[in-house]
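Asker: Each chain, written out:
Number of protein chains: 2
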Amino acid sequence: MGLIVQKFGGSSVANAERVMNVAKIVTDTYKKGNDVVVVVSAQGDTTDDLIAKAKEINPGAPKREMDMLMAAGEQISISLLAMAIEKLGYHAVSLLGWQAGFSTDSVYSAARIKKVDTKRLKTELGNKKIVVVAGFQGINKYDDVTTLGRGGSDTSAVAIAAALHADKCQIYTDVDGVYTADPRKVKNAQRLSEITYDEMLELATLGAQVLNNRSVEMAKKYNVQLEVISSLNPIPGTMVKETAKMEKMLVRGVTKDADASRISITGLNDVPGVAFKIFASLAAKNINVDIILQSVGRDGTKDIAFTVSEAHADDAVMAINSLPFIGDAKVVRDDTIAKISVVGAGMETHPGTASTMFEALFNQDINIQMISTSEIKISVLIDRKDADRAVAAVHEAFFGNV
Amino acid sequence: MGLIVQKFGGSSVANAERVMNVAKIVTDTYKKGNDVVVVVSAQGDTTDDLIAKAKEINPGAPKREMDMLMAAGEQISISLLAMAIEKLGYHAVSLLGWQAGFSTDSVYSAARIKKVDTKRLKTELGNKKIVVVAGFQGINKYDDVTTLGRGGSDTSAVAIAAALHADKCQIYTDVDGVYTADPRKVKNAQRLSEITYDEMLELATLGAQVLNNRSVEMAKKYNVQLEVISSLNPIPGTMVKETAKMEKMLVRGVTKDADASRISITGLNDVPGVAFKIFASLAAKNINVDIILQSVGRDGTKDIAFTVSEAHADDAVMAINSLPFIGDAKVVRDDTIAKISVVGAGMETHPGTASTMFEALFNQDINIQMISTSEIKISVLIDRKDADRAVAAVHEAFFGNV
Chain A
67 MGLIVQKFGG SSVANAERVM NVAKIVTDTY KKGNDVVVVV SAQGDTTDDL
117 IAKAKEINPG APKREMDMLM AAGEQISISL LAMAIEKLGY HAVSLLGWQA
167 GFSTDSVYSA ARIKKVDTKR LKTELGNKKI VVVAGFQGIN KYDDVTTLGR
217 GGSDTSAVAI AAALHADKCQ IYTDVDGVYT ADPRKVKNAQ RLSEITYDEM
267 LELATLGAQV LNNRSVEMAK KYNVQLEVIS SLNPIPGTMV KETAKMEKML
317 VRGVTKDADA SRISITGLND VPGVAFKIFA SLAAKNINVD IILQSVGRDG
367 TKDIAFTVSE AHADDAVMAI NSLPFIGDAK VVRDDTIAKI SVVGAGMETH
417 PGTASTMFEA LFNQDINIQM ISTSEIKISV LIDRKDADRA VAAVHEAFFG
467 NV
Chain B
67 MGLIVQKFGG SSVANAERVM NVAKIVTDTY KKGNDVVVVV SAQGDTTDDL
117 IAKAKEINPG APKREMDMLM AAGEQISISL LAMAIEKLGY HAVSLLGWQA
167 GFSTDSVYSA ARIKKVDTKR LKTELGNKKI VVVAGFQGIN KYDDVTTLGR
217 GGSDTSAVAI AAALHADKCQ IYTDVDGVYT ADPRKVKNAQ RLSEITYDEM
267 LELATLGAQV LNNRSVEMAK KYNVQLEVIS SLNPIPGTMV KETAKMEKML
317 VRGVTKDADA SRISITGLND VPGVAFKIFA SLAAKNINVD IILQSVGRDG
367 TKDIAFTVSE AHADDAVMAI NSLPFIGDAK VVRDDTIAKI SVVGAGMETH
417 PGTASTMFEA LFNQDINIQM ISTSEIKISV LIDRKDADRA VAAVHEAFFG
467 NV
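First to last, the sequence lines map onto chains A and B.
Residues 67 to 468 in our numbering are what the first sequence lists, from first letter to last.
Residues 67 to 468 in our numbering are what the second sequence lists, from first letter to last.
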């Protein structure tokens, strides 16, 4: 008995059969006496079709028009889902982003939600309708359609849950929860029943892309109880919340991120402000830097190394080479690396976590190239070819060979 | 130099190549110093795809949700056309029905325009943008998306032309104007350079579906100069306006309508109110009745015959059979008929028109079953198998064998 927000992605509504499956889940929740708001993405193939149509006409189309085009995708999926719910004998109403009250800024294709005006949502819920909302979209102050960018529907769902003070926000996916490691790669990966927002954020950043980061940040900010749950397998999923039961685990999960390039700069003149200027030049180009390592080199020079996503590596090398003080310093790019991380809020008070991880890698003869730590995370850079073996070994060290 | 509204239908924007062709026509008009508002329908295949998706999920889907779904079609075509115009180096902005100011009533799937608020349109034109507007759609007082029904984009275009006091409203089609007969069937069919609103209305009703009727009615009411013009063949089309040059013709065109069933009721008791009750029962079921003929039958009974479109024939027969006073009267349906009409504002003052038409049919041994006349039209019912031959003969009688 309460108010539940449910979000379904593009693959969950990809065809008529799946739309009916979603309608079944939604009406089952409604039947139990809950008010239900459903947020859906565009059907998987629709999005691809629309992008192809645009590219054929104008590969450099204005983003405003791309947003107008893409927003048609959710318009199709919400009306189809509303029809499916009606087919099952329940009353539904579909709402576009602007009808559901989503105001955003004007950064087309990557807009941020400024406000959710809940008047219409509350009216429809008051009429006992199941409300089907187009995720990923809103309007700006000019009354123009905007989209939130990749994974935006997660954010739409959390924003509605926050604005309506919903009891729960369920994110339906094709996995049945958050695991201690990628279950397709690690046999003994265990499903977590609970995880904290901070842990989820680290896992998302580290490549376990179950939830969009912005949505988790927003959930943390407004204390929205998230549940990651399967749309195909009807079992409880993973709850994401402020504090979580530790279940005797120090570590929540082990992740791999193979989308990383290391940029090394050796032989830099050791004068103040060098590091600042380097990273300022990258920030100016919107290049996110991950692990940073600085060490003293030979003859009064110093070395700086850092990682970026592979897509940004070219730009990063160019940006650095164009700095006036680079001089004879050598800039080298290395794409043969991977980042392995362990994440867990419990480990900050357990100094043994790092050594357990390093020992597991040592036992496998895997060399650690760089190390980075935060309060709830330890990451190491290793050779990419060792990555899957490393994840398995580290996972076994923490979770055993169940 | 002026303000021109141009409307393109679904087949004119069916694929990337045709969208580029439309962009070319639009920017050519803009280059000549005109302000341009373009109204487009959904791409032909999009509409069919969306209907198929809906039918698969819920053949009895609520009309509100069907309108939400269908409106996505124009959202796709307007953004694609705006991209194409930008590709040619001009600035465009696409607007959905509600953004372009279209308020309608709440009859989903067949809504009527109540008002066009021109504020946004004027702002964009003031910024020298080419404005691309989604035809066929608007919103009602609940902020819900509505559609105008078949041919609604014509009406959208005329409504904008009326609201903005445009100099001209060009309706682009796959024919290059209005002809004196169907040019695919009649060799000597002639393209008209001008025609009046009333004549155009009669031609539309009679099966020469070049323009949607509501759009012509609205153009007449607000005195909008319409031009029916080809999107493929760049020659002047047919102007539709209040008065038109007669070009020495009494008759503007000869049309055929083969979608007609005749319902005959014979042996009705001749008491007052019988005809009224029959046609009231049909009106209650929204069945449009065309030609009506009433005659005195045998033994103090009377006979009534009328035509309806074939799709309504079953319902019409049922409605009449359920009337309490029908008694022993016989209700017979006949689908072997066709209606041939001549239309022209000039003929009301020329009594010879009817006899010219009847003589042409007599010379071909074609029997006339029913006759109906109005100020600018004469229609006859004949055997359907004679229809094409009848059109050719009547056309030759009026226009000669050029």
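Keep in mind that a hint or two might mislead.
To be verified - The calculated SDA-like cross-link candidates involving lysine to any residue, where the alpha carbons are at most 20 Å apart (straight line), are: (1) Lys-121(A) to His-157(B); (2) Lys-121(A) to Lys-396(B); (3) Lys-129(A) to Lys-234(B); (4) Lys-129(B) to Thr-184(A); (5) Lys-207(B) to Gly-155(A); (6) Lys-185(A) to His-157(B); (7) Lys-251(A) to Leu-427(A).
What the hints assert, rightly or not - So these bits of chain B aren't anywhere near chain A, every CB distance computed over 12 Å: (8) Ala-127; (9) His-157; (10) Trp-164; (11) Arg-186; (12) Asp-240; (13) Glu-308; (14) Val-383; (15) Asp-394; (16) Arg-455.
What the hints assert, rightly or not - Partial selection, computed: residues in chain B whose CB lies under 7 Å from chain A: (17) Ala-82; (18) Arg-84; (19) Gln-360.
Calculated directly from the structure, the hints in this document are not laboratory data.
Here the structure is a predicted model, which means the values were calculated and not measured.
Think of the CB as a built atom: it goes at the ideal place given N, C-alpha and C, for glycine as much as any other residue.
Asker: Going through the earlier hints one by one, which of them does the structure break, listed in rising order?
Answerer: 2, 3, 4, 5, 6, 8, 9, 10, 11, 18, 19
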